[in-house]
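Sequential numbering from 1 applies to the sequence shown in the numbering used here.
Just so you know, not all the hints are guaranteed correct.
Derived lysine-lysine pairs resembling PhoX-like cross-links, with alpha carbons at most 25 Å apart [as the list claims (entries may be wrong)]:
| id | residue 1 | residue 2 |
| --- | --- | --- |
| 1 | Lys-409 | Lys-397 |
| 2 | Lys-487 | Lys-225 |
| 3 | Lys-135 | Lys-290 |
| 4 | Lys-300 | Lys-278 |
| 5 | Lys-351 | Lys-213 |
| 6 | Lys-401 | Lys-279 |
| 7 | Lys-278 | Lys-351 |
| 8 | Lys-135 | Lys-213 |
| 9 | Lys-331 | Lys-279 |
| 10 | Lys-328 | Lys-300 |
| 11 | Lys-474 | Lys-333 |
| 12 | Lys-351 | Lys-409 |
| 13 | Lys-474 | Lys-331 |
| 14 | Lys-135 | Lys-278 |
| 15 | Lys-409 | Lys-451 |
| 16 | Lys-300 | Lys-474 |
| 17 | Lys-451 | Lys-213 |
| 18 | Lys-401 | Lys-278 |
| 19 | Lys-328 | Lys-409 |
| 20 | Lys-279 | Lys-135 |
| 21 | Lys-279 | Lys-300 |
| 22 | Lys-351 | Lys-290 |
| 23 | Lys-497 | Lys-487 |
| 24 | Lys-290 | Lys-300 |
| 25 | Lys-487 | Lys-331 |
| 26 | Lys-451 | Lys-279 |
| 27 | Lys-451 | Lys-135 |
| 28 | Lys-451 | Lys-300 |
| 29 | Lys-333 | Lys-409 |
| 30 | Lys-279 | Lys-203 |
With beta-carbon atoms standing in for the labels, derived distance ranges [to be verified]:
| id | residue 1 | residue 2 | range |
| --- | --- | --- | --- |
| 31 | Asn-158 | Leu-253 | 34 to 44 Å |
| 32 | Lys-474 | Trp-104 | 19 to 29 Å |
| 33 | Arg-283 | Lys-495 | 45 to 55 Å |
| 34 | Thr-511 | Arg-489 | 39 to 49 Å |
| 35 | Thr-313 | Glu-226 | 50 to 60 Å |
| 36 | Gln-229 | Met-386 | 27 to 37 Å |
| 37 | Gly-127 | Pro-209 | 38 to 48 Å |
Read the hints as simulated data drawn from the structure, not as lab findings. Ideal placement from N, C-alpha and C gives every residue a C-beta, glycine not left out.
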Amino acid sequence: MLANLYQEDTSGNTESDAGDLLVGMVNHRGSSHNHMRTASTAKFISRKQSPRNIALYIFLLFAFSIFIFVFNAGNIVEDHPAPVISIQSHPQTKFLQTADDELWDAPSRHGLRPCIKPTSRYKAAHGSDRYLTVKSNGGLNQMRTGISDMVAVAYIMNATLVIPQLDRRSFWQDSSIFSDIFDELHFITTLQGDVRIVRELPKELELVPRARKHFTSWSSMGYYKEMMQLWNDHQVIHVAKSDSRLANNDLPLDIQRLRCRALYHALHFSPPIESLGKKLVDRLRMRSGKYIALHLRYEKDMLAFTGCTSGLTDAESEELRIMRENTKHWKVKDINSTEQRIGGFCPLTPKEVGIFLQAIGYPPSTLIYVASGEIYGGDARLSELMSFFPNLVFKEKLATKEELNAFAKHASQSAALDYIVSLESDVFVPSYSGNMARAVEGHRRFLGHRKTITPDRKGLVRLFDELESGQLRKTSSFSDLVQQMHKNRQGAPRKRKGPSPGIKGKARFRTEESFYENPYPECICSSKAV
């Protein structure tokens, strides 16, 4: 291409064209005086020119030639600009551009879109004098999905839902009420065609006896139809726990879509949280344009709960064991850390995350927003990730102290900020498949299958150990293995996974993919679908 452009530019015969132009003008000058030479040839020949006149004539002719050449050369430059070599047209640059696109581009959604409208068979709520009070349990996202389940349960049981109470006794010790975290009015009005929702019980019902119930986990619609017999003796039913109260599968389409309407359309964060969350996203975009949101689940409570102590000191391992022993609602106390890690049940360490992202192909300059609480081991352990990717950002660096003061000592409100930044990221990477990771992944699928890279922790542990032992070297072959392992783990459309084979009874529900992790196909459908 470049050779052809150069050839076109030099084959225009610019010098020849200028020369021809000059000769033509000289010939024209000669022809205009032709009759003079004919009429007075003898006089011209016989008259001898002085050396001074000859010199002046040659000088003027030379000056005129220079003028003509410059004039035409200027036109040539204007008509035929020099070839511009585009960096993007270089084959190597095209390869790098393609590689960059593959790192950041979302997978194809194959014409899929959100679809949460009720079917023609759906019957709107008519209000009820029977009330369902709920105590949500767990962290932010455990409460969010639990509240969405309770909306569906209230619809099934033909009950009025009272705004749920939030968990104040969990590990996070957050005293926030519903309206601190969520837009209460938006929640009520958005669902008014589905379920009647009120802020509190009527005064006359505050002291009446209530049916206190622990609904069974992963229950079917039939189960809640049976529970309606409680209305025979009670006007108020109190639900002690809200998480995972509905089955992931085999529910009517309209119930599944109601869960999606509740979670994705009705349960918005409060205006202060939404406002600051959007500011954080804008500030990240101004820094780099694109960013990864890394949910680095390497906090003390998670390591204690899972029993994962790889790479920790004996003192740290003992501290985590004591915490696990002293937490009453954690049922499993004796955990083999090595078996946990080999089985892929441990969160990736900061160092492992760094090796993983480097092997996927992200350059050291990549901007990474770290969505997490306090990293166990502090800066010393975080430095293991920063040695690979120094451009790490926390919300504490993006927001001012004044902006964060309103959320101080409110872990769930702070987690909501991380949720917003993670949801809007170009790429979301969770180091562990906890409640937030599943909720964000499902929400990103719902919004158009935004890129989410889910590490294959079990497969990666094997590669990391081979790398550590010297069986593998950190070369292109290692990167090829990691990339091939995650080729189909980047958030592309797929139907929700069912239970693991061979597992029966209630245990099978624990092995299913969560409805809120992947609401396809009920809440995501093709453009042609009704």
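These are the hints, each one checked on the structure:
{"no.": "1", "hint": "Lys-409 to Lys-397", "in the structure": "17 Å, holds"}
{"no.": "2", "hint": "Lys-487 to Lys-225", "in the structure": "43 Å, violated"}
{"no.": "3", "hint": "Lys-135 to Lys-290", "in the structure": "39 Å, violated"}
{"no.": "4", "hint": "Lys-300 to Lys-278", "in the structure": "29 Å, violated"}
{"no.": "5", "hint": "Lys-351 to Lys-213", "in the structure": "45 Å, violated"}
{"no.": "6", "hint": "Lys-401 to Lys-279", "in the structure": "14 Å, holds"}
{"no.": "7", "hint": "Lys-278 to Lys-351", "in the structure": "30 Å, violated"}
{"no.": "8", "hint": "Lys-135 to Lys-213", "in the structure": "11 Å, holds"}
{"no.": "9", "hint": "Lys-331 to Lys-279", "in the structure": "41 Å, violated"}
{"no.": "10", "hint": "Lys-328 to Lys-300", "in the structure": "16 Å, holds"}
{"no.": "11", "hint": "Lys-474 to Lys-333", "in the structure": "37 Å, violated"}
{"no.": "12", "hint": "Lys-351 to Lys-409", "in the structure": "29 Å, violated"}
{"no.": "13", "hint": "Lys-474 to Lys-331", "in the structure": "40 Å, violated"}
{"no.": "14", "hint": "Lys-135 to Lys-278", "in the structure": "30 Å, violated"}
{"no.": "15", "hint": "Lys-409 to Lys-451", "in the structure": "32 Å, violated"}
{"no.": "16", "hint": "Lys-300 to Lys-474", "in the structure": "30 Å, violated"}
{"no.": "17", "hint": "Lys-451 to Lys-213", "in the structure": "40 Å, violated"}
{"no.": "18", "hint": "Lys-401 to Lys-278", "in the structure": "17 Å, holds"}
{"no.": "19", "hint": "Lys-328 to Lys-409", "in the structure": "23 Å, holds"}
{"no.": "20", "hint": "Lys-279 to Lys-135", "in the structure": "32 Å, violated"}
{"no.": "21", "hint": "Lys-279 to Lys-300", "in the structure": "29 Å, violated"}
{"no.": "22", "hint": "Lys-351 to Lys-290", "in the structure": "23 Å, holds"}
{"no.": "23", "hint": "Lys-497 to Lys-487", "in the structure": "18 Å, holds"}
{"no.": "24", "hint": "Lys-290 to Lys-300", "in the structure": "30 Å, violated"}
{"no.": "25", "hint": "Lys-487 to Lys-331", "in the structure": "36 Å, violated"}
{"no.": "26", "hint": "Lys-451 to Lys-279", "in the structure": "22 Å, holds"}
{"no.": "27", "hint": "Lys-451 to Lys-135", "in the structure": "34 Å, violated"}
{"no.": "28", "hint": "Lys-451 to Lys-300", "in the structure": "28 Å, violated"}
{"no.": "29", "hint": "Lys-333 to Lys-409", "in the structure": "29 Å, violated"}
{"no.": "30", "hint": "Lys-279 to Lys-203", "in the structure": "41 Å, violated"}
{"no.": "31", "hint": "Asn-158 to Leu-253: 34 to 44 Å", "in the structure": "19 Å, violated"}
{"no.": "32", "hint": "Lys-474 to Trp-104: 19 to 29 Å", "in the structure": "23 Å, holds"}
{"no.": "33", "hint": "Arg-283 to Lys-495: 45 to 55 Å", "in the structure": "37 Å, violated"}
{"no.": "34", "hint": "Thr-511 to Arg-489: 39 to 49 Å", "in the structure": "18 Å, violated"}
{"no.": "35", "hint": "Thr-313 to Glu-226: 50 to 60 Å", "in the structure": "52 Å, holds"}
{"no.": "36", "hint": "Gln-229 to Met-386: 27 to 37 Å", "in the structure": "59 Å, violated"}
{"no.": "37", "hint": "Gly-127 to Pro-209: 38 to 48 Å", "in the structure": "23 Å, violated"}
Consistency with the previously given hints fails for numbers 2, 3, 4, 5, 7, 9, 11, 12, 13, 14, 15, 16, 17, 20, 21, 24, 25, 27, 28, 29, 30, 31, 33, 34, 36 and 37, ordered from lowest to highest.
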